[in-house]
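J.: Sequence:
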Amino acid sequence: MPAAALTRVRALCLALPSVTEAPTHGAPTWFAGGRRSFAKYVDPAEHHVDEETGPALWAAAPPGARHQLVAADPERFFAPRFGGSAWVGVRLAHPDWAEVAEILEDAYRQVAQRHLVERIGS
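Just so we're on the same page, this note's numbering is the position in the sequence shown counted from 1, plus 2.
Among the hints, a few may not be true.
Stated by the list, open to error - Label-pair ranges, simulated between beta-carbon atoms:
hint, residue 1, residue 2, range
1, Glu120, Ala5, 28 to 38 Å
2, Pro46, Val72, 12 to 22 Å
3, Ala73, Arg121, 12 to 22 Å
4, Pro19, Ala100, 30 to 40 Å
5, His96, Arg37, 28 to 38 Å
6, Trp99, Pro64, 29 to 39 Å
7, Ala73, His117, 32 to 42 Å
8, Arg38, Gly66, 15 to 25 Å
9, Ala95, His117, 34 to 44 Å
10, Thr26, Ser87, 28 to 38 Å
11, Gly86, Gln115, 13 to 23 Å
12, Arg37, Pro65, 19 to 29 Å
Quick caveat, the hints were computed from the structure, so don't treat them as lab data. Don't be surprised by glycine CBs; every beta carbon is placed ideally from N, CA and C.
Whenever a hint applies, use it, and build me the whole structure from the sequences.
T.: Right, here's the structure in full:
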């Protein structure tokens, strides 16, 4: 599942305007306009994080979204150990890919320059 999840996350991220991918701390990370990261794929086998979480997506989140998601469904969402309150973790063991796509678009909107956000519409 980890390779399939990474492939799917990568495709969703790279479908957004002017997104680049580069490893940060050994993890695939996506950048809006080549500047600010908005998402990171974390495999616990490779990144020394909680193995019970399994492969996960860490994404920039709108204000208050992390708390709301984690409170509503702590089995699927968590607070990543890095990134402060502005990031949310999504467990990818049994993802709702439509929801993951929404989370990634929201993450992109948090960090991308206005002219890039305007290219994805409302």
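J.: Next, verify each hint and record whether it holds.
T.: Cross-check of the supplied hints:
no.	hint	result
1	Glu120 - Ala5: 28 to 38 Å	holds (34 Å)
2	Pro46 - Val72: 12 to 22 Å	holds (18 Å)
3	Ala73 - Arg121: 12 to 22 Å	violated (33 Å)
4	Pro19 - Ala100: 30 to 40 Å	violated (20 Å)
5	His96 - Arg37: 28 to 38 Å	holds (33 Å)
6	Trp99 - Pro64: 29 to 39 Å	violated (20 Å)
7	Ala73 - His117: 32 to 42 Å	holds (34 Å)
8	Arg38 - Gly66: 15 to 25 Å	holds (20 Å)
9	Ala95 - His117: 34 to 44 Å	holds (36 Å)
10	Thr26 - Ser87: 28 to 38 Å	violated (20 Å)
11	Gly86 - Gln115: 13 to 23 Å	holds (21 Å)
12	Arg37 - Pro65: 19 to 29 Å	holds (20 Å)
Going down the numbered hints, you'll see the structure goes against 3, 4, 6 and 10, while the others check out.
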